[in-house]
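**Q** Residue numbers (the numbering used here), protein chains in the order written: chain B, 1 to 309; chain D, 1 to 311.
The set of hints was computed from the structure by calculation and includes no laboratory data. Misleading hints may appear alongside valid ones.
A few chain D residues facing chain B, derived, Cβ under 10 Å [unchecked claim]:
1) Ala26
2) Leu39
3) Glu238
4) Pro239
5) Asn277
6) Gly278
7) Val284
Just so we're clear, the structure is a prediction, and the values are computed from it rather than from any experiment. Note that CB positions come from ideal geometry on N, CA and C, so glycine has one too.
So the chains spell out like this:
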Amino acid sequence: MTKFVTSLALSAAFALTAAGTAQAAGEKISVLTPYLSAIATAEMIDSFKAQAEKFQWTVDVVDTAGDMGAFASRLEDATTKAPNAIVLVSVDPAQIQDQVDKAKAAGIPVVTIDGAKNASTVLNVTSDNFVLGQTMTKFLFDAIGNKGNIVRFFYSAHPGVHARELALDEALKANPDVKQVADHYVQVPGQIDDSRAAMDAILLANPADGAINAVWAGWDEPGIGANLAIEAAGRKGIVVAGIDGNPEAIELIKKCSAYIGTVRQGFTQMADIAAEQLNTILAGGKPEKDELYAPVELITRDSLGVKCE
Amino acid sequence: MTAFNLSRFGTLIAFVLLCVAFSIAAPQAFASQGNVYNLIQQMATLAIVATAATLVMTIGEFDLSVGFSASLAAVICFALFGQGYDVWLAVPAALLAGIVAGAANGILVARFGIPSFVATLALGTILSGLAFGASGGASMFKNVPDGFKTLARGDLFGIPVLAFWIVAVLGIASFVLTQTEFGRRLRAIGGNPQAARLAGLPVLRDVIVTFAIAGGLSALAGLLLASRLGSVQHTMGEPLLLPAYAAVFIGTTASPTGSPTVIGTLLGVAITGVLANGMTILGVDPFIQKIMTGVIIIVAVLLRRMGRTAQ
Numbered sequence: 001m002t003k004f005v006t007s008l009a010l011s012a013a014f015a016l017t018a019a020g021t022a023q024a025a026g027e028k029i030s031v032l033t034p035y036l037s038a039i040a041t042a043e044m045i046d047s048f049k050a051q052a053e054k055f056q057w058t059v060d061v062v063d064t065a066g067d068m069g070a071f072a073s074r075l076e077d078a079t080t081k082a083p084n085a086i087v088l089v090s091v092d093p094a095q096i097q098d099q100v101d102k103a104k105a106a107g108i109p110v111v112t113i114d115g116a117k118n119a120s121t122v123l124n125v126t127s128d129n130f131v132l133g134q135t136m137t138k139f140l141f142d143a144i145g146n147k148g149n150i151v152r153f154f155y156s157a158h159p160g161v162h163a164r165e166l167a168l169d170e171a172l173k174a175n176p177d178v179k180q181v182a183d184h185y186v187q188v189p190g191q192i193d194d195s196r197a198a199m200d201a202i203l204l205a206n207p208a209d210g211a212i213n214a215v216w217a218g219w220d221e222p223g224i225g226a227n228l229a230i231e232a233a234g235r236k237g238i239v240v241a242g243i244d245g246n247p248e249a250i251e252l253i254k255k256c257s258a259y260i261g262t263v264r265q266g267f268t269q270m271a272d273i274a275a276e277q278l279n280t281i282l283a284g285g286k287p288e289k290d291e292l293y294a295p296v297e298l299i300t301r302d303s304l305g306v307k308c309e
Numbered sequence: 001m002t003a004f005n006l007s008r009f010g011t012l013i014a015f016v017l018l019c020v021a022f023s024i025a026a027p028q029a030f031a032s033q034g035n036v037y038n039l040i041q042q043m044a045t046l047a048i049v050a051t052a053a054t055l056v057m058t059i060g061e062f063d064l065s066v067g068f069s070a071s072l073a074a075v076i077c078f079a080l081f082g083q084g085y086d087v088w089l090a091v092p093a094a095l096l097a098g099i100v101a102g103a104a105n106g107i108l109v110a111r112f113g114i115p116s117f118v119a120t121l122a123l124g125t126i127l128s129g130l131a132f133g134a135s136g137g138a139s140m141f142k143n144v145p146d147g148f149k150t151l152a153r154g155d156l157f158g159i160p161v162l163a164f165w166i167v168a169v170l171g172i173a174s175f176v177l178t179q180t181e182f183g184r185r186l187r188a189i190g191g192n193p194q195a196a197r198l199a200g201l202p203v204l205r206d207v208i209v210t211f212a213i214a215g216g217l218s219a220l221a222g223l224l225l226a227s228r229l230g231s232v233q234h235t236m237g238e239p240l241l242l243p244a245y246a247a248v249f250i251g252t253t254a255s256p257t258g259s260p261t262v263i264g265t266l267l268g269v270a271i272t273g274v275l276a277n278g279m280t281i282l283g284v285d286p287f288i289q290k291i292m293t294g295v296i297i298i299v300a301v302l303l304r305r306m307g308r309t310a311q
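Model the full structure from these sequences, guided by the hints.
**A** Pasting the structure below:
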């Protein structure tokens, strides 16, 4: 038994020692996010890693699966590790202000992608989420003739999604003929399955033709879940729109499904801009501004050249 | 080393070896004073929630609502801050909510005979709904008084404030469980509730009180987490549930009888905390961290079982 424990511990020790020494040369960047399961977040991180490879940076990625307490702890760990920079993805630094302040105090530049401006970070690269919400909402409302019943899928815990919700609130006030008949706070992770289950129930609760005309999804994945439920129920006359330009959503638009539009955030561009700016920062320079926006694009059947009957 | 000693001290040995391994792998980061400071802060919330779980497991029950109680307390506190209330009102109100929720769990279990697994899951879901409703689903981080932030931030005499919370909460809980008549009654109830009842022990009252204390401790953990982060999300306490029970189960392997103890639970919390911290410092993928945690729980429990068989 003693041999067993000793060999187990030694194996762990050797493995950990090897892990600790197997680091490549170049700047070390710690990337942290609570939402790696979201496709958009994963896209940003993959793009950032591709850029990092070009710059010969060593990148390690940490995900805490929606757990903000663990996120704060892992950010402290990253600060202890003293990398050349820390990149936070899809999180508002104000939610972990103390830990971000500590990183700044340790002299580590903190960059956020899809986050928010903050006094302790050097740069935030994002899209204007309110504008994203406005663009998608206007498109969706136009699609139903600015009249009818909509379902909202939302997730106010994410500051970007919350800004889009505010755009919807504003549009609902300006368009009194559009009524919100149901809403659902999406569970993350598991957002597609959760949204599908919720939409199944909402469809059952609103069985009449015309009871629901549109689904407003705070980002694409809940829209994809809602679309699955609509297809399974065989319901017609319901359209879905989301935000992010998720490849699966674009495929659904191409296939003439109920999914009719998405607003593509330039996630790849965000990561590219962040990497370029970080390269300047690591060389001792300053970013162009403390907040930079990546371009956005409305993707519809028309923009994709798809004809549906 | 005899099988008995190994079964009892194997977990402690594994913890020490983990620390040694991380210290060798990352001597400047892991073994630094700053990192020990970080580790204490990172473990505090889990240690308190795991203590709540330990108390409930001592009476042979489970409380699956601990994470939800933590979230609700934090949301209530921040909602009251938003209404302009002071720390001295918001914090006690949030703690009271946790105690009431815990007592409700106890009543459902002891008075109505609903299995604790079901009762606490159901009540936890209700608490989750209340937290969601009170927060509107959005992250709350405005109007937080500076006095609240000092609950879990900073240090006293160079020691993190959260270390004092760990010592106070776990010290009192350990003392109550091992040195008081109430603690002995709880262990008797956990050993055989029917016999405890026939012996004339106030089982109904003790079970309700135990759940109420667990609810209060969970609320305290939620408040400390909120103070540490400076923000609240209505789901923030939920991820504490599984690591808390993992810590308790790891801790049972350090107990001579295999029953939950506060000191054992602290060891379990330390192992999970050191694993997460050390692997992040080494840049190990998060999925390996989860696998390692699961493997350690299985190995620890197996060692315990093998040791007992050998006795």
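**Q** Each of the hints needs a verdict: does it hold here or not?
**A** Right, here's what the structure says about each hint:
no.	hint	in the structure
1	Ala26	holds, 5 Å
2	Leu39	holds, 9 Å
3	Glu238	holds, 8 Å
4	Pro239	holds, 4 Å
5	Asn277	holds, 5 Å
6	Gly278	holds, 7 Å
7	Val284	holds, 6 Å
Every hint from the earlier list agrees with this structure, and none is contradicted.
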